[in-house]
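Visitor: With the hints as your guide, set chain W with the ligands onto chain D.
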Amino acid sequence: MKILVCISNVPDTTSKIAFVENNTKFDTTGVQFIIGPYDDYALARAIELKEASAATVTVLNVGLADTEPTIRKALAIGADDAIRVNADPSDSFFVASQIAEHAKGYDLILMGRESIDFNSGVVHAMVGELLGIPSVSPVMKLDIDGTKVTMTKEIEGGKEQVEASLPLVAGCQEPIAEWKIPNMRGIMSARTKPLKVVEPKGVDQIVATKKFELPPAKGAVKMISADNVGELVNLLKTEAKVL
Amino acid sequence: MNILVFVETSEGKARKTSLEAVAYAHKMGGTVTAIVLGAADANDLQNIGKYGATKVLHASDSKLNEPVLQAYSSVISKAMADEAADVLVLANSSLGTPLAAKVAIRNGASFASNVTELPDTSAGFVVKRSIYTGKAFAMVELKNAKKVIAIKKNAAELKEVAGAAQVANYAVTLNDADFNTKVLSSEKATGDILLPEAEIVVSGGRGMKGPEHWGILEELAKALHAATGCSKPVSDMGWRPHHEHVGQTGVKVAPQLYIAIGISGAIQHLAGVNSSKCIVVINKDADAPFFKAADYGIVGDAFDVLPKLTQAVLAAK
Ligand SMILES: Cc1cc2nc3c(=O)[nH]c(=O)nc-3n(C[C@H](O)[C@H](O)[C@H](O)COP(=O)(O)OP(=O)(O)OC[C@H]3O[C@@H](n4cnc5c(N)ncnc54)[C@H](O)[C@@H]3O)c2cc1C
Ligand SMILES: Nc1ncnc2c1ncn2[C@@H]1O[C@H](COP(=O)(O)O)[C@@H](O)[C@H]1O
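Chains D and W supply the protein sequences, listed in that same order. With the first letter of the first sequence counted as 1, position 121 gets the number 121 in the numbering used here; the numbers rise by one all the way through. In the numbering used here, each residue's number is its place in the second sequence (first place is 1) plus 1000.
A hint or two may mislead.
Cross-link-like lysine-lysine pairs, in silico, DSS-like; alpha carbons within 27 Å at most [as the list claims (entries may be wrong)]:
no.	chain 1	residue 1	chain 2	residue 2
1	W	1292	D	16
2	W	1277	D	16
3	W	1284	W	1209
4	D	218	W	1277
5	D	237	W	1055
6	D	241	W	1277
7	W	1182	D	141
8	D	222	W	1182
9	D	159	W	1013
10	W	1182	D	237
11	W	1063	D	141
12	W	1277	D	211
13	W	1016	D	159
14	D	16	D	210
15	W	1159	W	1055
16	D	218	W	1284
17	W	1284	W	1016
18	W	1063	W	1159
19	D	25	W	1143
20	W	1078	D	237
21	D	241	W	1308
22	D	211	W	1027
23	D	222	W	1308
24	W	1143	D	210
25	W	1146	D	211
26	W	1284	D	241
27	D	241	W	1027
28	D	196	D	180
29	W	1209	W	1159
30	D	201	W	1143
Examples of chain W residues lying across from chain D (beta carbon under 8 Å, computed) [claimed, not checked]:
no.	residue
31	1093
32	1130
33	1291
34	1299
35	1313
By construction, these hints were calculated from the structure, which means they are not laboratory data. Remember, it's a predicted structure, so these values are computed and weren't measured experimentally. For glycine and all other residues, C-beta sits at the position ideal for the given N, C-alpha and C.
The following block holds chain D by itself, in its conformation from the complex (with noise of 0.2 Å):
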């Protein structure tokens, strides 16, 4: 079985986020960047998913030369080798547009529900649509048994039971497998494994982004005594107004 994974260099979920050059530009000073969290957990999942059967994994990234440590510390995880789509992630569509071009041939791509950056949450739903196959997100648990896929997926206020065959896509989130830390082998033998850089196929762009915003500042917290909670109740009511 090949196994594509599909992950996100974003930045740490610890990062303050601020803007350059007239709020056009993602400011990256002194901002650490990771493999988004859900990829990670997709990636988790493949890894397992090879250790249990005769499975390859790769993974692509569609991003520029600044993204290969990650893609690094996806190899060093245990992924077998690696693509890089050289171009900047403007849109999802984009995005989905070019990894649909390099999906072809695997039998189960994985990628995370959402990025933590853009948070469209579509990349797989459009790479499904693009290459007509079921996509799935997201997904909790992912068993597959012969081309039989069974999967828990979440939704509003419960879950449910879907079943599928591959090739598929899946967005996957926790508890699907465990955050995978890679030990020193890893990352030695990530050092010379495959990753191959391809530039982007044409696409249209049919989503342009302007410029960005930063929420308004959030104004200092008024304190109450925890023996007068009825006050809580009645700024609730009369200030914020939302009792």
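Guide: Here is chain W with the ligands on its own, set in the frame of chain D:
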């Protein structure tokens, strides 16, 4: 402008966030047609008119009772063409967001999810969307003639406007290929208020000490008619079901009021609550980082404050 709105149902009832999508489309201006798939309550179908739809298409084929993404995409794509819709609007959800993306591809439309405000059409068609898990916004231009937008909760105020909808049956032809996934079974918390849609959320963290103490939190939630949530470690340890976990890697909520009890306020938790209108934090540690993100705070022991707060809420009713 013709706008099609997909109205999602839960047990035959129109979802509140979907009615917000109808209200959003109405505010955009133009002719609003809503579409409902699968079994639905007749009164509810009629009710959609109150929020500004003049027509409601009901595809009542029982094969659509289970939400199969591929089949839903086929029906909505066709409806978009049949109605000559320029824009499709729907509410972000585990079904709606991927559905919107697929329909956008089939109809050659520009697409944006997590949209938080009405489009700005002064120069092109620009929408504001939430990015970096609520830590920022992006203004994006949807360049194609056709557009698909998935809106975030609170993108439009749910307000009744005078109006009645004409409900029509929408006949569909479904192929086997449309059922490329099969729902085997589902488990749903019935009767409860859905966390992503709740106006008030009462959420507990590790400070609640154990699942056996959730009773006092649930009592407050009941008094407030609120949904219950939790932090990630709480669901990781199995104290609460996974779908209650709020934050970066869990549910993103946007209620009027979020009450956090015994939650420290890690940045990953805050990412899921920063769209709340008002945040109340109850924590025994005055230095808990959550207080910095709060509107109101109480330094105190949850086991002392919670029952008192429930009493005060009930007394104020
Ligand atoms: C990539 C990544 C993603 C993550 N995603 C999420 C996410 O989506 N959601 C999430 O919640 N976390 C997430 N986390 C985890 C997050 O970093 C924190 O570890 C977590 O939010 C802490 O949960 P907590 O506040 O319940 O527990 P703690 O940090 O242990 O805090 C417990 C709090 O309870 C208070 N307390 C103790 N006893 C009492 C009492 N009797 N009365 C009142 N207060 C009391 C304490 O003062 C303390 O502030 C993520 C972490 C990573 C690395
Ligand atoms: N630039 C990228 N390169 C590779 N995969 C990506 C990229 N961006 C997003 N993905 C994948 O698509 C999933 C959903 O992303 P999104 O639709 O942007 O929220 C992510 O969790 C990744 O698995």
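Visitor: The structure should be examined with respect to each hint, and the outcome stated for every one.
Guide: How the hints compare with the structure:
1. W:1292 <-> D:16: holds (15 Å)
2. W:1277 <-> D:16: Answer holds: residue 1277 of chain W to residue 16 of chain D is near 21 Å, not above 27 Å.
3. W:1284 <-> W:1209: holds (13 Å)
4. D:218 <-> W:1277: holds (11 Å)
5. D:237 <-> W:1055: At roughly 38 Å apart (the allowed maximum being 27 Å), residue 1055 of chain W and residue 237 of chain D break the hint.
6. D:241 <-> W:1277: holds (10 Å)
7. W:1182 <-> D:141: holds (15 Å)
8. D:222 <-> W:1182: violated (51 Å)
9. D:159 <-> W:1013: Holds, because 19 Å separates the two Cα atoms, which is no more than 27 Å.
10. W:1182 <-> D:237: The hint is violated at about 47 Å.
11. W:1063 <-> D:141: With a Cα-Cα distance of about 25 Å, the restraint between residue 1063 of chain W and residue 141 of chain D holds, given a limit of 27 Å.
12. W:1277 <-> D:211: This hinted pair holds, its Cα atoms lying about 24 Å apart.
13. W:1016 <-> D:159: Judged against 27 Å, a Cα distance of about 20 Å means the pair holds.
14. D:16 <-> D:210: holds (21 Å)
15. W:1159 <-> W:1055: Since the Cα atoms of residue 1159 of chain W and residue 1055 of chain W sit roughly 18 Å apart, the hinted pair holds (cutoff 27 Å).
16. D:218 <-> W:1284: holds (22 Å)
17. W:1284 <-> W:1016: Roughly 36 Å separates the two Cα atoms, so the pair is violated.
18. W:1063 <-> W:1159: violated (32 Å)
19. D:25 <-> W:1143: holds (20 Å)
20. W:1078 <-> D:237: violated (47 Å)
21. D:241 <-> W:1308: holds (21 Å)
22. D:211 <-> W:1027: holds (24 Å)
23. D:222 <-> W:1308: Answer holds: residue 222 of chain D to residue 1308 of chain W is near 19 Å, not above 27 Å.
24. W:1143 <-> D:210: holds (12 Å)
25. W:1146 <-> D:211: holds (22 Å)
26. W:1284 <-> D:241: holds (26 Å)
27. D:241 <-> W:1027: holds (24 Å)
28. D:196 <-> D:180: holds (23 Å)
29. W:1209 <-> W:1159: Between residue 1209 of chain W and residue 1159 of chain W the Cα gap is close to 41 Å, so the pair fails against 27 Å, i.e. violated.
30. D:201 <-> W:1143: This hinted pair holds, its Cα atoms lying about 20 Å apart.
31. 1093: holds (6 Å)
32. 1130: holds (7 Å)
33. 1291: Check passed: Cβ of residue 1291 of chain W comes within 5 Å of chain D, closer than 8 Å.
34. 1299: At about 7 Å, which falls below the 8 Å cut-off, the nearest Cβ of chain D leaves the hint on residue 1299 of chain W intact, so it holds.
35. 1313: Status holds, d = 6 Å.
This entry does not satisfy hints 5, 8, 10, 17, 18, 20 and 29, going by the numbered hints stated previously.
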